[in-house]
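*Asks:* Here the structure of chain F is known, so what remains is to put chain Z in place on it, guided by the hints.
Number of protein chains: 2
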Amino acid sequence: MQLTVDLGERSYPIYIGSGLLSKSGLIRQHVRGKQVMIVTNETVAPLYLDTVREVLGDLQVNTVVLPDGEAYKTLDVLNRIFDALLEHRHNRTTTLIALGGGVIGDMTGFAAASYQRGVDFIQIPTTLLSQVDSSVGGKTGVNHPLGKNMIGAFHQPQAVIADTDTLKTLPARELSAGMAEVIKYGLICDADFLQWQASNIAGLMRGDGGLLAEAIYRSCADKARVVSADEREGGVRAILNLGHTFGHAIESHQGYGNWLHGEAVASGMVMAADLSCRLGHISRDDVERITKLIADAGLPVTGPSDMTDDDYVSRMLVDKKVLDGKIRLVLLKNVGEAYITDDVPKAQLLATLYSLGTLAT
Amino acid sequence: MQLTVDLGERSYPIYIGSGLLSKSGLIRQHVRGKQVMIVTNETVAPLYLDTVREVLGDLQVNTVVLPDGEAYKTLDVLNRIFDALLEHRHNRTTTLIALGGGVIGDMTGFAAASYQRGVDFIQIPTTLLSQVDSSVGGKTGVNHPLGKNMIGAFHQPQAVIADTDTLKTLPARELSAGMAEVIKYGLICDADFLQWQASNIAGLMRGDGGLLAEAIYRSCADKARVVSADEREGGVRAILNLGHTFGHAIESHQGYGNWLHGEAVASGMVMAADLSCRLGHISRDDVERITKLIADAGLPVTGPSDMTDDDYVSRMLVDKKVLDGKIRLVLLKNVGEAYITDDVPKAQLLATLYSLGTLAT
Numbered sequence: 002m003q004l005t006v007d008l009g010e011r012s013y014p015i016y017i018g019s020g021l022l023s024k025s026g027l028i029r030q031h032v033r034g035k036q037v038m039i040v041t042n043e044t045v046a047p048l049y050l051d052t053v054r055e056v057l058g059d060l061q062v063n064t065v066v067l068p069d070g071e072a073y074k075t076l077d078v079l080n081r082i083f084d085a086l087l088e089h090r091h092n093r094t095t096t097l098i099a100l101g102g103g104v105i106g107d108m109t110g111f112a113a114a115s116y117q118r119g120v121d122f123i124q125i126p127t128t129l130l131s132q133v134d135s136s137v138g139g140k141t142g143v144n145h146p147l148g149k150n151m152i153g154a155f156h157q158p159q160a161v162i163a164d165t166d167t168l169k170t171l172p173a174r175e176l177s178a179g180m181a182e183v184i185k186y187g188l189i190c191d192a193d194f195l196q197w198q199a200s201n202i203a204g205l206m207r208g209d210g211g212l213l214a215e216a217i218y219r220s221c222a223d224k225a226r227v228v229s230a231d232e233r234e235g236g237v238r239a240i241l242n243l244g245h246t247f248g249h250a251i252e253s254h255q256g257y258g259n260w261l262h263g264e265a266v267a268s269g270m271v272m273a274a275d276l277s278c279r280l281g282h283i284s285r286d287d288v289e290r291i292t293k294l295i296a297d298a299g300l301p302v303t304g305p306s307d308m309t310d311d312d313y314v315s316r317m318l319v320d321k322k323v324l325d326g327k328i329r330l331v332l333l334k335n336v337g338e339a340y341i342t343d344d345v346p347k348a349q350l351l352a353t354l355y356s357l358g359t360l361a362t
Numbered sequence: 002m003q004l005t006v007d008l009g010e011r012s013y014p015i016y017i018g019s020g021l022l023s024k025s026g027l028i029r030q031h032v033r034g035k036q037v038m039i040v041t042n043e044t045v046a047p048l049y050l051d052t053v054r055e056v057l058g059d060l061q062v063n064t065v066v067l068p069d070g071e072a073y074k075t076l077d078v079l080n081r082i083f084d085a086l087l088e089h090r091h092n093r094t095t096t097l098i099a100l101g102g103g104v105i106g107d108m109t110g111f112a113a114a115s116y117q118r119g120v121d122f123i124q125i126p127t128t129l130l131s132q133v134d135s136s137v138g139g140k141t142g143v144n145h146p147l148g149k150n151m152i153g154a155f156h157q158p159q160a161v162i163a164d165t166d167t168l169k170t171l172p173a174r175e176l177s178a179g180m181a182e183v184i185k186y187g188l189i190c191d192a193d194f195l196q197w198q199a200s201n202i203a204g205l206m207r208g209d210g211g212l213l214a215e216a217i218y219r220s221c222a223d224k225a226r227v228v229s230a231d232e233r234e235g236g237v238r239a240i241l242n243l244g245h246t247f248g249h250a251i252e253s254h255q256g257y258g259n260w261l262h263g264e265a266v267a268s269g270m271v272m273a274a275d276l277s278c279r280l281g282h283i284s285r286d287d288v289e290r291i292t293k294l295i296a297d298a299g300l301p302v303t304g305p306s307d308m309t310d311d312d313y314v315s316r317m318l319v320d321k322k323v324l325d326g327k328i329r330l331v332l333l334k335n336v337g338e339a340y341i342t343d344d345v346p347k348a349q350l351l352a353t354l355y356s357l358g359t360l361a362t
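Line by line, the protein sequences are chains F and Z. Residue numbering for the first sequence follows the numbering used here, starting at 2 and increasing by one per position. Residue numbering for the second sequence follows the numbering used here, starting at 2 and increasing by one per position.
One or more of the hints may lead you astray.
Since the list gives no way to pick one copy over another, a pair counts as held whenever it fits inside one copy or between any two copies.
[Claimed, not checked] Straight-line C-alpha distance at most 20 Å; calculated DMTMM-like pairs for lysine to aspartate or glutamate:
#1 LYS169 - ASP209
#2 LYS35 - ASP343
#3 LYS24 - ASP51
#4 LYS24 - ASP166
#5 LYS169 - ASP69
#6 LYS327 - GLU88
Think of the hints as simulated: they come from the structure by calculation, not from any bench.
In isolation and in its complexed conformation, chain F is listed as follows (with noise of 0.2 Å):
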């Protein structure tokens, strides 16, 4: 399957499939220069980077092994890659290769996005995670200590290529986290999607194939539909947000990686959703069904057992989300229709959160 992420200029294709990581000429072809820096961690090296390395037979090709993991989101980590590039005297014909999950495909895409101000990169996601999301939308960079993704650019890739068979040495947890992000498409946009999910859940968690790559690919097409139509985040595209600005507020409180950032959105869905029936746009009955969606594919429901309202709003606040110091939001107006308001009465708020915070009291 294929699809193209159609932002003029700067185009390019999503490749899903099984069998893509050691399909001859498939990456390559996007090479433009002589030069490939490949870009992974410890956890995936063993598994594809040889695969990788083969097809590229003809290139100088050079790697750097990160260690795995959100943690290592960094400043410090992003200039290993930029002290590799130096080393092996990459030029700005060279390209850069993400072969990872998020993590990697964030800080690959910002070293990219930066080295002698912009060189091309290819996006090889090995998670569902990051098939689903990050490889649409050119949102690339790092964290600070105070904030998530605080540090980073817009760039777009030369191409994605999702190859559904590094699904299969995914741990269970990451499967549900990715699923997540997929749940969140048919919330926002596509309650067909979402209905289809509800019937296919099951399939989808056993891990068949199939069934994964329809996933992403309506994915990939929902999410890519709605950044073609606002590529820089002025509007419409915030919708994506959906469960993160809550999201976030757990991931920063419980540390970094200790939930994951699907849980932590999950999570963050369900106060969307619940939090939108409070202020009279969908019943409970859709919560419910909502609910339990998210549970079925193994994610969190509820916030974790030791934050307080304060420690949501605080850090509600400091999130980019916000403008001009107020709390802004994703909620749905319908299932399968998100919008975004600033206008969020503390009382609902703070009710969702009480109910679904399993809030320290």
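*Replies:* Same frame as chain F, but now just chain Z:
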């Protein structure tokens, strides 16, 4: 005086003149949000920080004071700007103000390009070099131990405010360094301007405010013309690098900050002129007139005494202007007309290096 850099949606004004820093409303009108972060250094802060703070009185104004010098143009020091932005909860509508020379401008610009994937910034250059050079073109970034300006972004300011009064506190050596770039504009694209400089070099070096304002205006206009034609440095813009490939080799060999950027470029321009003569483009008389103007501006006309040809060539190969391992140079077709070549005969290059590098043998 005022001119506009015409880049479509990203066009911006450059104001040049006396008393602009304290002029009511001038800086303020280019701030779109309610937060401002002034980034400056230990040398400039005591001179001008209070003046700038005063005209921004109704906003949330925070400051970061960095150590002074090219040695601090690093990813680590850059991070102090992000620390300050996050500690003071600056959001996406913040404006960064670069108050200082080229190092402050480049770092602040890159911080603005990367903070939350891009926020506004205003340039207030306080050296002649940064007034004529860093203010136009949108190049931002930091150095890496293995190469200058290797990490960065293209990011255009909202406005540039070049107050000629700030040149009164500038050391003579730095005034000379700025003149190197002024001379460069004449050499690459403006023979009339070069002629004007030769006639007025004594007054310029005495610090005559009117002459300096005209020199800044004509330099910015020349650069803006070149940059407008080629915002992302695909082609003709590279002529702005006259003398820079040699110059970067010198700076990198001597350690950043020991030779000023303008001094290294000055010496590099004499080398470029000499090589252009050896290739039959300009006369030996032209070279001598160019050399005299550069010397009259208080600038070096030969390289450092401890560099060998290998010291130059190996550094010129890691330079960004390299395409696939070749040395790419900007040379003169005529006085006032530069061209780009990646096909310089090695014998002539070495002849220039032996004659002007004051080389170790």
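*Asks:* Tell me, please, which holds for LYS169 and ASP209 at an alpha-carbon limit of 20 Å: within, between, both or neither?
*Replies:* Answer is within; shortest intra-copy Cα gap is 10 Å, inter-copy 73 Å.
*Asks:* Is the C-alpha distance from LYS327 to GLU88 at most 20 Å within one copy, between copies, in both cases, or in neither?
*Replies:* Answer is between: at 17 Å across copies they meet the 20 Å cutoff, but 46 Å inside does not.
*Asks:* Is it within, between, both or neither when you check LYS24 against ASP166 at 20 Å Cα-Cα?
*Replies:* This pair counts as within: shortest intra-copy Cα distance 12 Å, inter-copy 64 Å.
*Asks:* Could you place LYS24 and ASP51 in one of the four classes (within, between, both, neither) given a Cα distance threshold of 20 Å?
*Replies:* within (13 Å within a copy, 62 Å between copies)
*Asks:* Between the shortest in-copy and the shortest cross-copy C-alpha distance, which are at most 20 Å for LYS35 and ASP343: within, between, both, or neither?
*Replies:* between (48 Å within a copy, 17 Å between copies)
*Asks:* Please sort LYS169 with ASP69 into within, between, both or neither, judging by C-alpha distance up to 20 Å.
*Replies:* within (18 Å within a copy, 53 Å between copies)
No hint from the list above goes unmet by this structure.
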